[in-house]
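K.L.:
Spelled out, the chains give:
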Amino acid sequence: SQQGEEDPQALSIQEGENATMNCSYKTSINNLQWYRQNSGRGLVHLILIRSNEREKHSGRLRVTLDTSKKSSSLLITASRAADTASYFCATGANSKLTFGKGITLSVRP
Amino acid sequence: EPEVTQTPSHQVTQMGQEVILRCVPISNHLYFYWYRQILGQKVEFLVSFYNNEISEKSEIFDDQFSVERPDGSNFTLKIRSTKLEDSAMYFCASSEWVDYNEQFFGPGTRLTVL
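Quick mapping for you: the protein sequence lines, in order, are chains R and F.
Using the working numbering, the letters of the first sequence map in sequence onto residues 589 to 697.
Using the working numbering, the letters of the second sequence map in sequence onto residues 19 to 132.
Please keep in mind that the hints were generated in silico from the structure rather than gathered at the bench.
It is possible that part of the hints are untrue.
Below, a list of computed lysine to aspartate or glutamate pairs in the EDC-like style, where the Cα atoms sit at most 20 angstroms apart [claimed, not checked]: (1) F:Lys75 to F:Glu114; (2) R:Lys614 to F:Glu62; (3) F:Lys60 to F:Glu77; (4) F:Lys101 to F:Glu120; (5) F:Lys60 to F:Glu120; (6) F:Lys96 to F:Asp81; (7) R:Lys689 to F:Glu77; (8) F:Lys75 to F:Glu120; (9) R:Lys644 to R:Asp654; (10) F:Lys101 to F:Glu36; (11) F:Lys60 to R:Asp595; (12) R:Lys644 to F:Glu120; (13) R:Lys689 to F:Glu62; (14) F:Lys96 to F:Asp80; (15) F:Lys60 to R:Glu593; (16) R:Lys658 to R:Glu641; (17) R:Lys658 to R:Glu593; (18) R:Lys689 to R:Asp671.
Using the sequences and the hints given, assemble the complete structure.
P.N.:
Structure, rendered in structure tokens:
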């Protein structure tokens, strides 16, 4: 089964606007993590939310988790051009992460 | 800030050759992982490693693949006889523990099999 499917696939916003990205999954998880990847580069860990948590903040990032709906959202507030990247959700169960296909975020200056 | 490092950044090899990809995980981390990302596709889990043993592996991680922690700092992925479809970016990751711990990724090794 597929896990960590994000939507939308691509998002283009103006600098200063908020960006909301969603992730859905199918099986039980221990945690859900969001990562950023700049083109051709490595994965940068953004935030982890545990299965018993509902919301978490880190700087301009806000993550929610609804285990009853098996979904999560990542909100980036006051976006900057430097936020342009691909964003992935990854569900954690046992020792592995299962990644989605990612969302391409473009922030126009 | 401690980080995961990987060498080389780019490896080009001929089909059928053996390659070894190297990683230095974050020093106090106990769990180590390899993932790969074929161009334009999802990041896929290959294997996790703890206490000098494989904890979990995916279907991709067949007999052509092996992992080793040859000393106290390095963690390696060996592909015994490379195939064209092994061309991908290979990421090493480490975490302090499992379950509720963040996995921190290295910058990746781009493997090109000709």
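K.L.:
All the hints need checking, so say for each whether the structure fits it.
P.N.:
Hints versus structure:
no., hint, result
1, F:Lys75 to F:Glu114, "holds, 19 angstroms"
2, R:Lys614 to F:Glu62, "holds, 17 angstroms"
3, F:Lys60 to F:Glu77, "holds, 15 angstroms"
4, F:Lys101 to F:Glu120, "violated, 32 angstroms"
5, F:Lys60 to F:Glu120, "holds, 19 angstroms"
6, F:Lys96 to F:Asp81, "holds, 10 angstroms"
7, R:Lys689 to F:Glu77, "holds, 19 angstroms"
8, F:Lys75 to F:Glu120, "holds, 19 angstroms"
9, R:Lys644 to R:Asp654, "holds, 12 angstroms"
10, F:Lys101 to F:Glu36, "holds, 10 angstroms"
11, F:Lys60 to R:Asp595, "holds, 14 angstroms"
12, R:Lys644 to F:Glu120, "holds, 14 angstroms"
13, R:Lys689 to F:Glu62, "holds, 10 angstroms"
14, F:Lys96 to F:Asp80, "holds, 11 angstroms"
15, F:Lys60 to R:Glu593, "holds, 10 angstroms"
16, R:Lys658 to R:Glu641, "holds, 13 angstroms"
17, R:Lys658 to R:Glu593, "holds, 11 angstroms"
18, R:Lys689 to R:Asp671, "holds, 18 angstroms"
Consistency with the previously given hints fails for number 4 only.
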